[in-house]
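Participant: Each chain, written out:
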Amino acid sequence: MPRSPLLVLALAALTLPAPLLAEGEAPATIAPPPEGSVTRAEGLAAMARIHEVTTHPRCANCHTGPENIPMWYGGAAGPARPHGMNITAGDSRMGVETLPCTTCHRTSDHLRSGLNAPPHAGLDWQLAPVEFEWFEKSAAEICAQLADPDRNGGRDWMGLAEHLVEDAGHRGFVLWGWNPGGGREPAPYDLQSHVDDVLIWGVAGQPCPEE
Amino acid sequence: MGTLRNVGRRAFLIGSAAVAGGVAFGTYAVTRPLDNPLLDGLADGTAAITPYVLIDAAGITLITPRADKGQGAYSVQANLIAEELDIDPATATITPGAPGPAYYNGAVLGEAVPFPAYDQGAVANAMRDFMAVPARIFEMQMTGGSSTVPDSYVRLRMAGAVARETLKAAAARRTGLSRADLGTDDGQVILPDGSRIPFTALAAEAAMLDPVRDVTLRPARDWTRLGKPMQRTDMVAKCTGTEVYGIDTVIAGMVHATVRANPGIGGEVRGYDASEAQAMPGVQQVLPVAHGVAVVARNTWTAFKAAEAITIDWGPAPYPATSAEIFAKLDAAVDNPDAQDHRQRDDGDIDTVLQETGDAVITAAYRIPYLAHAPMEPMNAVVRVTDTLCEIWTGTQIPLFIRDRAAAMTGLDAAQVRVNVLPMGGSFGHRLEMTHVEQAVEIAMALPGTPVKLTWSREEDMTHDYPRPAAVSRARGVVKDGQVHALDLSVGQSAMTPAWFGRLTGMSIPGPDATITTGSWDQPFAIPHYRVTGYRAPDMVPVSSWRSVGASGNGFLHDAFLDELIHAAGADPLAERIRLCLDPTSRKTLETVGEICDWQGPSPAPGRGRGIGFCLSFGVPTATVVEVTQTDAGIRLDQAWVAVDVGEVLDPVNLEAQVFGGTIFGLGHAMNCELTYEDGAAQQTNYHAYEAMRLYQAPPVTVRALANGPRIRGVGEPGVPPAAPALANAIFAATGQRIRELPLSRHINFV
Chain A
0 MPRSPLLVLA
10 LAALTLPAPL
20 LAEGEAPATI
30 APPPEGSVTR
40 AEGLAAMARI
50 HEVTTHPRCA
60 NCHTGPENIP
70 MWYGGAAGPA
80 RPHGMNITAG
90 DSRMGVETLP
100 CTTCHRTSDH
110 LRSGLNAPPH
120 AGLDWQLAPV
130 EFEWFEKSAA
140 EICAQLADPD
150 RNGGRDWMGL
160 AEHLVEDAGH
170 RGFVLWGWNP
180 GGGREPAPYD
190 LQSHVDDVLI
200 WGVAGQPCPE
210 E
Chain B
0 MGTLRNVGRR
10 AFLIGSAAVA
20 GGVAFGTYAV
30 TRPLDNPLLD
40 GLADGTAAIT
50 PYVLIDAAGI
60 TLITPRADKG
70 QGAYSVQANL
80 IAEELDIDPA
90 TATITPGAPG
100 PAYYNGAVLG
110 EAVPFPAYDQ
120 GAVANAMRDF
130 MAVPARIFEM
140 QMTGGSSTVP
150 DSYVRLRMAG
160 AVARETLKAA
170 AARRTGLSRA
180 DLGTDDGQVI
190 LPDGSRIPFT
200 ALAAEAAMLD
210 PVRDVTLRPA
220 RDWTRLGKPM
230 QRTDMVAKCT
240 GTEVYGIDTV
250 IAGMVHATVR
260 ANPGIGGEVR
270 GYDASEAQAM
280 PGVQQVLPVA
290 HGVAVVARNT
300 WTAFKAAEAI
310 TIDWGPAPYP
320 ATSAEIFAKL
330 DAAVDNPDAQ
340 DHRQRDDGDI
350 DTVLQETGDA
360 VITAAYRIPY
370 LAHAPMEPMN
380 AVVRVTDTLC
390 EIWTGTQIPL
400 FIRDRAAAMT
410 GLDAAQVRVN
420 VLPMGGSFGH
430 RLEMTHVEQA
440 VEIAMALPGT
450 PVKLTWSREE
460 DMTHDYPRPA
470 AVSRARGVVK
480 DGQVHALDLS
490 VGQSAMTPAW
500 FGRLTGMSIP
510 GPDATITTGS
520 WDQPFAIPHY
530 RVTGYRAPDM
540 VPVSSWRSVG
550 ASGNGFLHDA
560 FLDELIHAAG
570 ADPLAERIRL
580 CLDPTSRKTL
590 ETVGEICDWQ
600 GPSPAPGRGR
610 GIGFCLSFGV
620 PTATVVEVTQ
630 TDAGIRLDQA
640 WVAVDVGEVL
650 DPVNLEAQVF
660 GGTIFGLGHA
670 MNCELTYEDG
680 AAQQTNYHAY
690 EAMRLYQAPP
700 VTVRALANGP
710 RIRGVGEPGV
720 PPAAPALANA
730 IFAATGQRIR
740 ELPLSRHINF
750 V
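Protein sequence lines, in the order shown, are assigned to chains A and B.
So that you can map any letter, position 55 of the first sequence is 54 in numbering that gives the first Met the number 0, and since no number is skipped, the others follow by simple counting.
So that you can map any letter, position 516 of the second sequence is 515 in numbering that gives the first Met the number 0, and since no number is skipped, the others follow by simple counting.
Calculated from the structure, these hints are not laboratory results.
Glycine is no exception: its CB is placed at the ideal position from the N, C-alpha and C atoms.
Mixed in with the good hints there might be a few duds.
So the derived list for chain B, only partly shown, Cβ under 10 Å to chain A, looks like this [unchecked claim]:
| no. | residue |
| --- | --- |
| 1 | Thr241 |
| 2 | Val243 |
| 3 | Thr362 |
| 4 | Arg366 |
| 5 | Glu458 |
| 6 | Ala632 |
| 7 | Gly633 |
| 8 | Phe749 |
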């Protein structure tokens, strides 16, 4: 194959925009395991997978710290570095007043994200709140954060799972993370597995790994 | 030192092939007046006094045959004519005109002579002047090598002066006055009584006269346009978005095409399935072209999408498939006696010095990557072929080579091929190639009478660019008593000139390829033991000239290692370069950059570093100082200062823009750019993976132009070569890290 597999993938993604969800179809189902059916070890294993997802470039690039700078890394973007063009999302996390994220990042029902084109998602683009910082955080740090209502939007574990599904239902960033298009590497596993892992972790009593 | 003893054979072959290989033809071609292309189809009442000035009742047209890739070439050519013709170029029509042999470039081959630029002896300069002869024989109407100004400086002013004096002669004949009593101003002949006759009213009479040839050029002190900031003639169109580039060409009835060719350049097509593409709405035709498949559609986007939908089985690339294999071949060539291409500098006795120095010899290995030209406007051309005519509209630096190739492909005479040269959205050397035009001709021949507009996608443009050659160097040096005592540089590279000239002409050039060491062997330093050797690695990715050509890479390979030696000697980087410099013009350039940056040594403050880079290229000594700061997140470029000497400054504002742009271009590529190869194909297909420098990373650049050099020179390219070593040397000064590989981002972060 003369072209790199990545490029073939990218071109396939450009030419074959597969429908992601049929109209009205739920993006993922919430079916927690029965209380007491999950061991602590299984909960920790689920958290390990959650950590893989949350720290993947598709997720972590916008879960950055108080500098309010989105990151670029992974795939064609290469090693971790600040988003090009000297972008800052500002204290609003939506872009400084003269240059909102939506200048380039489109809000659209179609998760179209061509090669070299800025991504589309169903919600207006912004950085996650600063207390949700995931970038280069350890599993212990992210676990503690997800378990802390002060740093997770006031949610219990079921609330987190519901948040994922609802965001995906709006064709938001969660769904985009697994359908980034344009040759970008998607987040690991898939949306349903990630929701299931949050539920497993929750039923297990939200165990967190040691530092 | 360049002497006749070690002259490269290729330089003579170009000349002697023309002279010895075809004396009768050659002599004839050299002495015969070249046809004035404006005389073809000239209307009554129109005077074409020289091939550069056309005047009729409606107005004045200035022919500016050297292509404009954004560097202001049309403006400077127009102003050279206008200075002597006494017109305001804003009142004239400015056009590249129809390509023709009269527009050969008499300066571009001057760089090929085996004398370093600082050698201004009689033999060296006679050879440079002689190189206009083969340029004329080969009909080299070509834009490149920063040669537009040196080539046209006298020629276009002469054209203006001849036209002016001939118009005065026509006025003299009409009025019965003596030509000596007449003056000119603002497009009019002025009679002694103060009355005026517009040039346009004299055109018909001037056409009846033999041109007045005994003209004298005005001295610089009398210039009204040259030497001062000019209003560039293309600025209004460019600033208002109304400039019509090649890619904007619209010809009635045209169809739109694109091509997907084997990304392993030159590889075959084993087979393809276009059924999906052919079923797409708006797709008119899918047809094979050399090494690829073309789609003809109702618009360019449809053609792009359809081309992507074709499944193609590519044959392998006819060169090593991966960057690792490519660099292994370069490493195998360098210092391999069987691969030695040329050695144009061999001062002192380097072998003895290295042997005597033993373990104290300082050694280093450097490598630089392939680089794409990546102009903003991807390659494109419109072609219409009929039984009697082939018309081509494209932005190109080589219109006559395109004419001849199209003639050969279509079976038409060269006179039946019309090349319309259009403004270019950048080139950096890419438009010295014509693969895309060949493809457009091929498609147009399949659709007789229909204008076919071929546009390459960015991905096609980058994967089918003939890049700047990758290179490796091995360097050895000796320092003694705080000074650089010996420098031995070996450069391994693939040959650029034979590859490029072969593609253009189908002719092979025997002998060495000077570009392998241009920018290293010819530097103006009197190092007591000093040797530069070029080694050629065969059968590599086909390469081409890239802004500043051989010097673009050698500027880094040579100057960064020189900096290592100076550091090892414990000397100051600027002071030691000045001490070593044997050329007064170059020395003044180094001294000047030190003055404008207030050089206080390489480390002005903790965490901050300054590096100096120097390269004499295209006859222009250029010294660059870059200052960087080490931050927690990486290296920040703070400032740059550049001093250049071009012999004579025609437009100080445009000069500053060219040098500033060349510096940023050189720095950006040094920071971030490379083409790597996998499966025989370039892996960087668009700007997301080949992004040079961001606007916010660009440092302020201060440019100081000098005019001490003996000859007027062009400045489109010389800003590039010293930028990379200046940056690498600055990073060393700030961090102690000596980076010997480009792009620098492989080893360090930039903020």
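Participant: Take the hints in turn and mark each one as holding or not.
Facilitator: We went through each hint and held it up to the structure:
1. Thr241: Hint violated; Thr241/B Cβ to chain A Cβ min 25 Å, cut 10 Å.
2. Val243: violated (26 Å)
3. Thr362: Since the shortest Cβ distance to chain A is 30 Å, the answer is violated.
4. Arg366: violated (19 Å)
5. Glu458: OK, holds: Glu458/B within 10 Å of chain A, min 8 Å.
6. Ala632: Holds: closest Cβ of chain A sits about 8 Å from Ala632/B, inside 10 Å.
7. Gly633: holds (8 Å)
8. Phe749: Constraint on Phe749/B satisfied, holds at 9 Å.
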